[in-house]
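Protein chains: 4
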Amino acid sequence: MSQVVALRKVRAEKGAELMPLEQQPLAPHEVRVRIRAASVCGTDKHIYNWDAWAQSRIKPPMTFGHEGCGDVVEVGLAVQRVAPGDFVSLETHVPCGTCRLCQTGSQHICQRLKILGVDTAGVFAEEVIVPEICCWKNPKDMDTRIASIQEPFGNAVYCVDKAKVGARSVAIMGDGPIACFAAGIAKAMGAADITVTGLSSARLEIATKMGATRVVDAGKQDPVEIIKAATDGDGADIVIEMAGVAATVKQGFAALRKGGTFVAFGIPSGDVTFDYTNAIVFKEATVLGINGRLMFDTWYQTRALLTSGLVDPTPVITHEMPLTDYAKAFDIINDPASTAGKIVLRPA
Amino acid sequence: MSQVVALRKVRAEKGAELMPLEQQPLAPHEVRVRIRAASVCGTDKHIYNWDAWAQSRIKPPMTFGHEGCGDVVEVGLAVQRVAPGDFVSLETHVPCGTCRLCQTGSQHICQRLKILGVDTAGVFAEEVIVPEICCWKNPKDMDTRIASIQEPFGNAVYCVDKAKVGARSVAIMGDGPIACFAAGIAKAMGAADITVTGLSSARLEIATKMGATRVVDAGKQDPVEIIKAATDGDGADIVIEMAGVAATVKQGFAALRKGGTFVAFGIPSGDVTFDYTNAIVFKEATVLGINGRLMFDTWYQTRALLTSGLVDPTPVITHEMPLTDYAKAFDIINDPASTAGKIVLRPA
Amino acid sequence: MSQVVALRKVRAEKGAELMPLEQQPLAPHEVRVRIRAASVCGTDKHIYNWDAWAQSRIKPPMTFGHEGCGDVVEVGLAVQRVAPGDFVSLETHVPCGTCRLCQTGSQHICQRLKILGVDTAGVFAEEVIVPEICCWKNPKDMDTRIASIQEPFGNAVYCVDKAKVGARSVAIMGDGPIACFAAGIAKAMGAADITVTGLSSARLEIATKMGATRVVDAGKQDPVEIIKAATDGDGADIVIEMAGVAATVKQGFAALRKGGTFVAFGIPSGDVTFDYTNAIVFKEATVLGINGRLMFDTWYQTRALLTSGLVDPTPVITHEMPLTDYAKAFDIINDPASTAGKIVLRPA
Amino acid sequence: MSQVVALRKVRAEKGAELMPLEQQPLAPHEVRVRIRAASVCGTDKHIYNWDAWAQSRIKPPMTFGHEGCGDVVEVGLAVQRVAPGDFVSLETHVPCGTCRLCQTGSQHICQRLKILGVDTAGVFAEEVIVPEICCWKNPKDMDTRIASIQEPFGNAVYCVDKAKVGARSVAIMGDGPIACFAAGIAKAMGAADITVTGLSSARLEIATKMGATRVVDAGKQDPVEIIKAATDGDGADIVIEMAGVAATVKQGFAALRKGGTFVAFGIPSGDVTFDYTNAIVFKEATVLGINGRLMFDTWYQTRALLTSGLVDPTPVITHEMPLTDYAKAFDIINDPASTAGKIVLRPA
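Chains as they are written, first to last, in the working numbering: chain A, 47 to 394; chain B, 47 to 394; chain C, 47 to 394; chain D, 47 to 394.
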């Protein structure tokens, strides 16, 4: 066995280290993937910064990173769906394969779900070993940056598709990369009016490029008022909450019309306090929790949107650098004035 | 014009008074209904007791009561769907008929919704005047007690039908009359396992009669543990929250399985604080707010369930008395140790 | 009362006559609309040509035409939703208002449905009297040609929206005006691949302008082969049958993938023979019959698509002429080599 | 390796032979099941009788039979979900595991679907080798007759559940075992009115025992008239076609109300001719093709219905005999005057 360079959380403190590891053998259902591109998620920032969530969940030493693509270089004995030479992206929800949810088409919310790069060794490395079920075959000629961001893009596809936005008004709370993707997908799927609210003028500008009808700097204007004004006072047909803080959950419900659909994707830390009775019951809202992506219906839709040209995700991909520059990548992400969308790292 | 006896909230204080009123003329879309039975709802208790909600919403003097049935005795010039002699029950959601929700099949959540007996003169009276749209024709021979409770029964039908309970496990939080109806309807619609949780042993006994597989006295046992134990540790496929307090909302989400459906019907007063991220997002829950009943699909289902004998609601109807005994009715309902389900009043 | 010029089917034979009629008084629920634009439908061609269908359904003398828009000039006593001065388009499904379907949000398929301009006096006239329920208010500044074609455009919106085309492959059988609209709407709602099949090169060119990924001249090429080739051999996710002949129904099912959705909109005359077992059962197809448009959810979507600029219907509107030129309009439509899309007539 | 007795279609002619075979080794994803009970399906009758369908599909020599249950006695190296000692029923849809349908939760309609006992060696034998994906674990104490018929019972569960029968009127065309199961399941899931139509008085009697509100001998009475009479002239809310002949397909559509749901389960041989325009388009019917059962959501529902006691399938199981009596079993089934429901064979 040879050695593999990987970015590791070595100690229970801020930071990470690039280091060589012994290459590991494959189990029967496993696949070895040589990483060609890996992108950075907010989760990786939590792990790098070693915040409260990371301290409660991550067990160093471990290799992190979960958005990635690469070439299959070896497969275990029981593998059937991929073969060496395939160019794959990685699904990060690692299902058990045997629980009731796995057996009823909902393996993405498996009862014993593990997350790649959080609960298992991740993709900020020259190679990763994943179970076969986490491999998604790409066209050979797909841009590796785009192949890498299909995982978070797929989150947005799942949210927007489930909300049925065609000819409806949509409000997206949040301006992070997934919210920006969602704006582009909502536009492609026929939303008639798209408001994106956030706090970063740079990212709101990306949202505009992706297709938002209007953006709201929530630090300066009241998103609820603006959304209501854009919808004859009724509120938006669909609200997609992607900021993940209590304030935007409240704003989202306030901006939703009676009988509307609220997509709950963002993950506030800690309890949320809100006017449940008026927000959900009297409004007769439908609230759809979303966790991950459908395995693999969402991936088929993601591929269709990206290869047909219906959505161009590149305005969201603002940076690209070698994995060896990881510290710079995290500095950019940690900068409160950052204008970064998605950063793609190159292990090779 | 002759006079009509009605139970009135005359002053901004606890209580009510039975008194004669001048009979009013009909507008073109209105219908005069001579009340044969009227049942008492929790809302009426709020009005009678003059609690904080009533003080903020009710404008005395007014006639209250909204669950009722009776005979059409006169119709306005533009009325098309009912005629004198029809035996009708009353839909209590009074829609404007012109807003977007009224024009798209959702008049029960009209943008300018009024509630019979709350915003308009109610049914604790010898007769009531309602817009045509609030009349639902019954079979002539329907038991008037049953005709009267179709409105709250319909709430339960809508909740249970929308949740698709067939061959699934269901947990109903709450043991009020609507929760007891829901237990019977869930049983009739093929729920494989029904847990009802509440605080009143008398009402939990009614729930058992209606079809609950098991009941939980939440003052003595932990409902979440019991529901999980009954569902292989997964949690219930469907939770129907009908108690309307913060504690049962939390318990309901905790008792829901991943990918499950949560029906939000109960109306907690004030904000609710809960673990939104785990309850909805990570669990990928579908939360369905429910307000009223579909006009009139739910009424067709309600009639089918009651006239086919699939559900016998009579265990929930525990008392029946003349309207003149209203003070006794409210005493029963206000008794903390009350064993009352639904009380039916007779104006005639 | 003054006189109104109308295009009448006077005798049971081919043709029609423009003639003055006495203006009629309004019933309480009726509205008088001065027609500003009226467009010609295939149904009108049947009536004009007096074919077998027309002979079995139409009772001369009568005014025909059903796609139209105009100004409200007078309203009956019971009318609530529109007022003189409103600019309206006309819904052509005239519901009874009292049957079960009318009472459950499906008035567009009323048990006693009448069709404007078929069962009642139509819009090829200076004015029309319709029940209030058939009026849809437009923005004052909407192009009258576009206002007029909203009815058939709405058919296409309902078909496409119900089929959920986002990021899916779609095959549209037929190249008539509604099929061309459907191509544009499918494009706007995110269909990833759109094949339109037909027999007229001129109309297939319109379909291409509207957004078809490819068109198939079914007289020269096999649509099923081409659709399969475009979908990795699987068949289209969604087939929308709008040609209304037995051959295209068969082709449509043959071109549908397993588990796909087939929208049945076209209306073959007489029985259809096809391989039901393989087409529907083994394929586990979902077949959605579509008749008209939702009253009025589809109209809200139609307005949103047209006023947001998401769909430009003008390539389909190929001719515009005064109502007095009606004979020329029907000559164009009856020409087998016609390149006409939609023809708009001007009564004023 | 020892020997295994199996019922074989040896030659291309009517009949079958019981004979010993060499036991085969397992591939990595395979499971060896010792059969405890196997029930006879109409498909088996086709194979035994060697009719046109059988001649076109079956390649002798082969072991047939596909409904069965038994004990896992050995598992391949890659098997994860079952272990020796498990008591399993067999799913008969054998999916490839790699096509798009397999990857999107629809493996029961796999693009390369094989059927157990038709395309692969079946269960009329002392043991069967199946891929792991075809095993469904039962409670250890489940009655083996009931465990065996879960496969066809599951067909009926899937049909009834997808049709949403709660508080609706249902017409079931057909009186075979699956139709009788469907009657019981519709009753359990709250159908308010259930008509079963067929040609065998014995089986219609079973349908009555299972819960039909009424049965129609279609040889003596007009099912369409009776269904309409039972539904105020509207037609049934839901029609489930399970007879699989052109006449019942037509009757089913004629008996369906406007806006109703038609479940297409029966499989007529050859083309079907019917009035597609009125049956589907003008009626705005939803037609749901059904093929097999959801893997494995339907199995969870099936277990819930059978173990909760909501449905007792035993009236349908009319005969039980050793596998050695197979000729007698097929004689019974081939008897035009047969009163047989389901026949269970015992290989041991």
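Mixed in with the good hints there might be a few duds.
Derived Cβ-Cβ restraints for the label pairs, each shown as a range [said to hold, decoys possible]: (1) D/P106 with A/G143: 33 to 39 Å; (2) D/P106 with B/D278: 28 to 34 Å; (3) A/D117 with D/G88: 48 to 54 Å; (4) A/E271 with C/K266: 43 to 49 Å; (5) B/L72 with D/V291: 53 to 59 Å; (6) A/E271 with B/L72: 37 to 43 Å; (7) A/L245 with B/L72: 54 to 60 Å; (8) B/N324 with A/G143: 21 to 27 Å; (9) A/G265 with C/A275: 49 to 55 Å; (10) D/D358 with B/S315: 53 to 59 Å; (11) B/A98 with C/R80: 34 to 40 Å.
Calculated directly from the structure, the hints in this document are not laboratory data.
By construction, the Cβ of each residue, glycine as well, lies at the ideal position given by its N, Cα and C atoms.
Against the structure, the hints:
1. D/P106 with A/G143: 33 to 39 Å: Cβ of D/P106 to Cβ of A/G143: about 37 Å, so the range 33 to 39 Å holds.
2. D/P106 with B/D278: 28 to 34 Å: violated, 44 Å
3. A/D117 with D/G88: 48 to 54 Å: Holds: the Cβ-Cβ distance is about 50 Å, inside 48 to 54 Å.
4. A/E271 with C/K266: 43 to 49 Å: The hinted range 43 to 49 Å is violated for A/E271 and C/K266, with Cβ atoms some 57 Å apart.
5. B/L72 with D/V291: 53 to 59 Å: holds, 56 Å
6. A/E271 with B/L72: 37 to 43 Å: The hinted range 37 to 43 Å holds for A/E271 and B/L72, with Cβ atoms some 41 Å apart.
7. A/L245 with B/L72: 54 to 60 Å: Between A/L245 and B/L72, where Cβ atoms are some 56 Å apart, the hint holds.
8. B/N324 with A/G143: 21 to 27 Å: holds, 24 Å
9. A/G265 with C/A275: 49 to 55 Å: Distance hint for A/G265, C/A275 holds at roughly 52 Å.
10. D/D358 with B/S315: 53 to 59 Å: Once the Cβ atoms are compared, 46 Å apart, the range 53 to 59 Å for B/S315 and D/D358 is violated.
11. B/A98 with C/R80: 34 to 40 Å: Given range 34 to 40 Å: violated, Cβ gap about 55 Å.
The structure shown violates the earlier hints numbered 2, 4, 10, 11.
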